[in-house]
Amino acid sequence: MDWLHFAVFTVIIFIFVISGVLFFIWYERRGLGRFQIRPGPNRAGPFGLLQPVADAVKVLLKEDIVPALADKPVHFLAPLIAFVPALAVFAVIPFGDGALLANLNIGILYIMSVSSIVVIGIFMAGWSSSNKYSLLGAMRTIAQEVSYEIPLVLSILGAVMLAGSLSLNDIVKAQNVPFILLQPLGFLIYMTAAMAEINRTPFDLLEADSEIIAGFQTEYSGMKFGLFYLTEYAETLSVSAIASTLFLGGWAGPLLPGFVWLLIKIVAVFTFIMWVRATFPRLRIDQVMAFGWKFLLPLAMLNLVLTAILVLTGLNDKVWLAVPLNFALAFILIIGASRQFRTGGGHVIV
Amino acid sequence: MSSFKHFGEGLLRGLDVTAKHLGRKWITVQYPEQKLVMSQRLRGTDIIWDRSSCISCRACERACPVGCISMAVSRGEDKKLKTDDFTIDFGLCIFCGLCIEACPTGISIYLGYNYANTTYHCSSAKESKTGSTPSDGRCIELVRSNDALLVDDVARPRSGYYRPEVEANLKQQTLLINQTSYLEDLKRKGER
Numbered sequence: 000m001d002w003l004h005f006a007v008f009t010v011i012i013f014i015f016v017i018s019g020v021l022f023f024i025w026y027e028r029r030g031l032g033r034f035q036i037r038p039g040p041n042r043a044g045p046f047g048l049l050q051p052v053a054d055a056v057k058v059l060l061k062e063d064i065v066p067a068l069a070d071k072p073v074h075f076l077a078p079l080i081a082f083v084p085a086l087a088v089f090a091v092i093p094f095g096d097g098a099l100l101a102n103l104n105i106g107i108l109y110i111m112s113v114s115s116i117v118v119i120g121i122f123m124a125g126w127s128s129s130n131k132y133s134l135l136g137a138m139r140t141i142a143q144e145v146s147y148e149i150p151l152v153l154s155i156l157g158a159v160m161l162a163g164s165l166s167l168n169d170i171v172k173a174q175n176v177p178f179i180l181l182q183p184l185g186f187l188i189y190m191t192a193a194m195a196e197i198n199r200t201p202f203d204l205l206e207a208d209s210e211i212i213a214g215f216q217t218e219y220s221g222m223k224f225g226l227f228y229l230t231e232y233a234e235t236l237s238v239s240a241i242a243s244t245l246f247l248g249g250w251a252g253p254l255l256p257g258f259v260w261l262l263i264k265i266v267a268v269f270t271f272i273m274w275v276r277a278t279f280p281r282l283r284i285d286q287v288m289a290f291g292w293k294f295l296l297p298l299a300m301l302n303l304v305l306t307a308i309l310v311l312t313g314l315n316d317k318v319w320l321a322v323p324l325n326f327a328l329a330f331i332l333i334i335g336a337s338r339q340f341r342t343g344g345g346h347v348i349v
Numbered sequence: 000m001s002s003f004k005h006f007g008e009g010l011l012r013g014l015d016v017t018a019k020h021l022g023r024k025w026i027t028v029q030y031p032e033q034k035l036v037m038s039q040r041l042r043g044t045d046i047i048w049d050r051s052s053c054i055s056c057r058a059c060e061r062a063c064p065v066g067c068i069s070m071a072v073s074r075g076e077d078k079k080l081k082t083d084d085f086t087i088d089f090g091l092c093i094f095c096g097l098c099i100e101a102c103p104t105g106i107s108i109y110l111g112y113n114y115a116n117t118t119y120h121c122s123s124a125k126e127s128k129t130g131s132t133p134s135d136g137r138c139i140e141l142v143r144s145n146d147a148l149l150v151d152d153v154a155r156p157r158s159g160y161y162r163p164e165v166e167a168n169l170k171q172q173t174l175l176i177n178q179t180s181y182l183e184d185l186k187r188k189g190e191r
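Those protein sequence lines, which keep their order, are chains A and B.
According to numbering that gives the first Met the number 0, the first sequence is numbered sequentially starting from 0.
According to numbering that gives the first Met the number 0, the second sequence is numbered sequentially starting from 0.
Do not take every clue at face value.
As the list claims (entries may be wrong) - So the derived label-pair ranges between C-beta atoms look like this: (1) A:R37 x B:K79: 54 to 60 Å; (2) B:P31 x A:T270: 27 to 33 Å; (3) B:T118 x A:I284: 53 to 59 Å; (4) B:G13 x A:G163: 36 to 42 Å; (5) A:P323 x B:N177: 47 to 53 Å; (6) A:F330 x B:N177: 44 to 50 Å; (7) A:P323 x B:V16: 25 to 31 Å; (8) B:S52 x A:L48: 50 to 56 Å; (9) A:P323 x B:E8: 18 to 24 Å; (10) B:P31 x A:F5: 47 to 53 Å.
Hints are computed from structural coordinates only; laboratory data are not their basis.
The model shown is predicted, which means the values in this text are computed figures rather than measured ones.
Backbone N, C-alpha and C fix where the C-beta goes; we use that ideal spot for every residue, glycine too.
Whole structure, please, built from the sequences with the hints as guidance.
Structure, rendered in structure tokens:
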């Protein structure tokens with residue numbers, strides 16, 4: 000009955016992602032409203048709950064314009080190629096003990112490889128639009144995404160090392176205490192790199208209004224643009240889910256069922272991402288690249304080495320010692336790396 | 000610890016600032032339901048005419064720089080001037096207030112508080128069979144005449160522009176900073 004498991008779980012994941020994305024869109028607009036001392040959407044439905052639905056209907060009804068000189072098949076395929084990987088990541092996210100579509104023993108590897116396909120979709124979109132600005136926007140986005148993938152993977156490896164497994168289910172089971180306590184620096188690097196990876200503030204250069212107007216998606220309208228929009232939020236959802244699984248203990252938690260705990264953690268991580276969006280201004284492209292290569296990458300490598308030493312010496316098994324030690328190390332490493340980090344001659348106040 | 004600003008202290012302080020904003024009152028006005036009290040001397044997009052005190056001198060018509068006021072005046076049996084038709088095309092009017100300043104009686108014409116003159120329809124007077132306005136081809140929804148321009152203190156309050164005696168009796172303007180939040184407003188309405 001394997002096929003039944005796959006079929007049912009695929010439907011569940013699809014519904015989860017779509018409803019999650021709709022919730023996130025509503026939640027973010029309301030939340031940002033609160034941060035900016037205004038109510039946010041409150042017209043469609045109670046508390047504006049139907050606002051994302053109204054937006055979706057509007058996007059569906061809009062005219063789909065394709066530039067005359069566009070590479071039409073590529074232009075058509077780009078949003079799909081961007082969206083499908085964002086969805087496919089959820090195949091290995093455990094919603095409970097063993098409650099996942101495919102319990103791969105290379106779960107993390109699968110996530111990293113699949114989620115990087117989005118980049119191809121973005122480049123296809125920029126290339127096929129036959130618009131210089133779209134192409135430039137796409138290349139900027141790709142430069143950023145490719146750069147931040149490295150610290151992202153390195154930060155995840157810390158958690159993998161502690162758990163001794165690449166399977167997400169096993170990583171959750173290995174967390175006697177949430178790995179955020181044993182990997183505070185890893186979590187920070189993961190969140191930073193992930194925010195760059197999903198193009199959210201302060202790394203949202205793909206939508207730098209003042210320079211390149213919506214970047215690679217300039218020439219997209221109607222449902223194709225809707226798919227890109229969906230991709231963005233599906234990626235945010237997946238990033239939140241991965242962060243909850245790797246660092247916050249996934250479905251583990253007292254009293255409530257595992258699924259609910261995972262949802263609570265996902266929303267908590269998303270709230271943090273939203274909070275960051277409400278706070279920080281957009282960075283310049285050279286600042287983004289310098290931050291990724293000169294600050295995050297060495298920091299992630301140092302974190303990895305130190306984690307390896309701690310795991311080898313067995314210090315990480317003694318929780319009462321490991322937690323303060325890891326926080327102290329994170330503090331020292333951040334200050335040490337900041338001292339070395341310079342862009343354009345002076346310190347960048349980050 | 001000023002040197003800590005190089006190590007991400009600014010980021011944390013920024014997060015702290017936004018977090019404090021979460022609990023604050025909204026400063027926006029939910030416009031159609033909630034309105035601010037305008038300045039006492041607002042030049043609103045509305046003109047109020049007082050037929051009883053008007054002496055039909057046509058000073059306002061002559062003062063108007065865009066010619067949006069038109070009056071039809073005749074002499075009655077008692078040899079006094081009376082206004083047969085008084086029309087203002089709000090599509091043309093620039094709300095400069097010159098008509099108000101030109102009025103010799105000082106009480107016959109006022110600017111109003113209204114600032115929402117948009118309409119969903121715009122039919123020209125030519126097409127409309129009932130349109131009795133002199134300015135043919137204009138959007139008749141924006142052309143008001145005679146009784147539609149009369150003083151009505153409840154629905155169309157007069158602005159204090161160039162009329163100090165009116166201004167003295169008007170409510171103090173609410174600034175955006177002083178206004179109560181939308182939620183409080185709803186709560187108060189619920190209690191009523």
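Take the C-beta atom of P323 of chain A and the C-beta atom of E8 of chain B, compute their distance, and say whether it sits inside 18 to 24 Å. Since P323 of chain A and E8 of chain B have Cβ atoms about 21 Å apart, the given range 18 to 24 Å holds.
Distance restraint evaluation - T118 of chain B, I284 of chain A, Cβ atoms, bounds 53 to 59 Å: violated, 48 Å
Quick check on a hinted range of 47 to 53 Å for P31 of chain B and F5 of chain A, using CB atoms only. Since P31 of chain B and F5 of chain A have Cβ atoms about 51 Å apart, the given range 47 to 53 Å holds.
Okay, P323 of chain A versus N177 of chain B on CB: inside 47 to 53 Å? holds, 50 Å
Honestly, do P323 of chain A and V16 of chain B meet the 25 to 31 Å range at C-beta? holds, 29 Å
How does the Cβ-Cβ distance of G13 of chain B and G163 of chain A compare with 36 to 42 Å: does it lie in that range? holds, 38 Å
Range agreement (Cβ of N177 of chain B with Cβ of F330 of chain A, hint 44 to 50 Å): holds, 45 Å
Within 27 to 33 Å: is that where the Cβ-Cβ distance between P31 of chain B and T270 of chain A falls? holds, 31 Å
Outcome for the supplied range 54 to 60 Å, where the beta carbon pair is R37 of chain A and K79 of chain B: Holds, since R37 of chain A and K79 of chain B (Cβ atoms, about 57 Å apart) stay within the stated range.
Is it true that the C-beta distance of S52 of chain B to L48 of chain A lies inside 50 to 56 Å, as the hint says? holds, 54 Å
The earlier numbered hint that this structure contradicts is number 3, and it is the only one.
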